[in-house]
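**Q** Chains as they are written, first to last, in UniProt numbering: chain A, 1 to 450; chain B, 1 to 208.
To be clear, the hints were calculated from the coordinates, so they are not data collected in a lab. Glycine included, every Cβ here is placed at the ideal spot set by N, Cα and C. Careful, some of the hints might be misleading.
Claimed, not checked - Taking lysine-lysine pairs in the DSS-like style, the calculated list, with each CA pair at most 27 Å apart, reads: (1) A:K367 - A:K448; (2) A:K402 - A:K418; (3) A:K418 - B:K48; (4) A:K411 - B:K94; (5) A:K182 - B:K94; (6) B:K94 - A:K270.
Said to hold, decoys possible - Covered stretches of chain A (in silico footprint by chain B; criterion: 3 or more residues with CB under 8 Å from a CB of chain B, positions within the stretch not fixed): (7) 229-242; (8) 309-319; (9) 408-417.
Claimed, not checked - Not close to chain B: a few residues of chain A, all C-beta gaps over 12 Å, as computed: (10) K50; (11) D62; (12) P93; (13) P134; (14) H192; (15) E251; (16) K270; (17) I276.
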Amino acid sequence: MGFGGCLNWKSEDLSLIDTNSSYAVKPEHIGDVRKTRFKLRPGRTLSPRKWQSAFSEDGHLDIGLVLSRIQRGGVHPSIRGAVWEFLLGCYDPNSTYEDRNQLRQRKREQYGILMTECQKMEPTIGSGRYIIKPVITKDGQPIQDLSSQGGDTHEPGETTVSSTENSRHFEETLAGTTPLEKTEVNWKRTLHQIGLDVVRTDRALVFYESEANLAKLWTVLAIYAWIDKEIGYCQGMSDLCSPLVILLEDEADAFWCFERMMRRLRGNFKSTTDFIGVRSQLSVLAKIIKTVDPKLHQHLEDVDGGEYLFAVRMLMALFRREFSIMDSMYLWEMMWAMEYKPNIFTLYEQSDLNTNKDALPNVSDKKSKNYGKFARKNMEIGDTDQESSLAIFFVASVLELKNKQFMREAKGLDDVVKILNDIIGNLDVRKACKKALKVQTKYLRKKKEL
Amino acid sequence: MASRRRMLLKVIILGDSGVGKTSLMNQYVNRKFSNQYKATIGADFLTKEVQFEDRLFTLQIWDTAGQERFQSLGVAFYRGADCCVLVYDVNVAKSFENLNNWREEFLIQASPSDPENFPFVVLGNKVDVDGGNSRVVSEKKAKAWCASKGNIPYFETSAKEGFNVEAAFQCIAKNALKNEPEEEMYLPDTIDVADGGGRQQRSTGCEC
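With these hints in hand, go ahead and build the complete structure from the sequences.
**A** Put into structure tokens, the structure is as follows:
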């Protein structure tokens with residue numbers, strides 16, 4: 001279908017997208033999923049036509065123009081994949097079509113190499129299938145008898161709790177196998193966890209009726225777990241990856257987009273036996289509320305919510321569970337546009353996964369219109385708090401918005417969870433993001449005063 | 001007169017990823033099963049009003065994430081728990097083997113005042129799968145383990161078919177109620193635990 005002039009958009013356009021596109025909900029599950037509030041806003045939403053016109057003849061992108069649109073009304077669903085690649089830093093707006101074609105080709109080849117590497121360890125990778133049941137024990141012994149969908153543990157008789165009996169059992173069945181490298185063992189142990197989550201991710205969508213698409217999501221996550229051994233796989237990541245697998249048709253492209261997305265979010269998933277990364281974000285959230293609304297912070301402490309654990313899911317799955325898929329995509333692109341820094345591509349290209357914290361660029365270096373609103377404010381004020389993200393301010397703004405309700409009704413952590421869940425799903429994404437920016441301003445001002 | 005405010009009983013559900021914790025909770029609270037449940041991140045809860053001898057209680061059931069690395073978040077959620085439900089999948093040996101870890105981790109993190117007598121209930125879920133043919137942990141073995149841990153009540157359930165779920169949660173609620181220390185009870189004089197409040201006799205199954 002042609003999109004005509006953006007001024008001619010009607011609500012039917014969106015319903016067409018909703019029912020025809022891959023993120024359509026299966027008819028039998030329409031009642032199970034959250035309602036979508038996203039609406040195309042003529043003159044605000046980045047339309048396909050506007051997007052096209054933002055490129056120069058040789059392909060340089062006027063990112064400032066694109067950002068200003070997205071921050072006002074999101075991205076038209078038909079061009080999301082392409083736009084997100086820039087927002088996430090896969091490509092440099094200052095490059096040409098030719099540069100990007102070459103880079104894309106290189107990245108696809110690189111993905112192919114990674115896939116081959118993983119295939120050698122686990123043949124299910126790249127086979128169009130996926131694994132749900134464990135393929136390896138804790139001590140690195142393969143669990144045999146792989147079914148068509150990967151490793152099923154069809155063990156004769158019963159297994160026992162005793163580890164000595166267990167290892168004897170494996171010694172009998174697997175005599176002669178060489179011990180695997182620890183990194184390989186750890187990776188293989190995540191494969192079935194990925195599978196368990198893949199079959200539970202966005203299953204109401206028509207897109208995941210296809211086994212090939214389930215395998216695509218599984219493979220991207222499995223290969224990511226291999227390149228980022230510190231994180232591997234953690235629950236929540238399948239929620240983050242799924243929209244990318246849906247939007248980007250080419251698996252390699254989806255993979256690199258996910259890799260870029262994880263640059264922002266991987267810290268949340270980093271964990272040791274007594275710590276999980278999201279806690280750092282929770283501390284920032286606590287710091288923000290303590291600064292902008294000390295009474296509310298005190299109240300939350302009094303009701304055992306001072307650790308802000310109620311925000312874990314929101315930050316780890318980046319609001320996927322609180323919003324419909326369409327609305328969470330809208331929220332993501334709006335947040336990424338607001339957080340956008342023109343050096344994002346160079347920064348990621350020049351650093352590995354662990355060192356993507358940048359030095360604050362000098363304001364005069366770059367055109368400030370090429371920054372998102374959130375990033376610009378941080379830059380202007382010279383805020384160097386690298387842990388701060390718009391997502392945290394988003395949660396903070398919701399708490400702020402309803403602080404009276406929290407003060408009045410929240411008598412325990414459970415009440416906090418309940419109130420927050422009730423509010424968030426009903427939010428207007430655009431208004432909520434604006435509110436989040438206000439909280440950011442308030443916070444930065446108060447912080448300076450202190 | 002019945003108490004104005006209902007007493008809150010807090011229950012925590014633990015177990016490996018994919019054993020059916022969310023499904024069990026939803027089957028009990030909403031009497032429905034869906035294959036659309038997503039992996040739990042962090043924790044979530046549902047509440048249900050339960051009645052014992054003309055008194056109403058609010059059962060607050062906390063569903064938790066199964067992946068190990070979320071365990072460090074547990075302490076805040078486990079605090080104040082009155083009963084802990086350990087779930088495994090009868091078709092996955094590892095999920096049964098891990099029950100011990102889950103139990104120990106809970107006792108460390110929740111640090112109940114009387115860990116020896118803290119009420120647990122074990123559920124062997126997914127007994128419906130493949131007509132029982134893919135089952136790898138026998139009832140006998142599960143019961144033996146429960147017996148060795150101070151006679152933990154044991155139930156075989158199918159969250160999908162609703163089999164035994166109500167009975168299991170009746171027992172869970174009853175045990176949670178027994179655990180609630182009397183001095184913390186709201187209007188304690190109106191609480192009258194049927195079997196005298198003793199939990200020394202918790203045998204396999206629930207004599208509720």
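**Q** In ascending order, which of the hints set out earlier in this document are inconsistent with the structure?
**A** Hint check: 4, 13, 14, 16, 17 fail, others pass.
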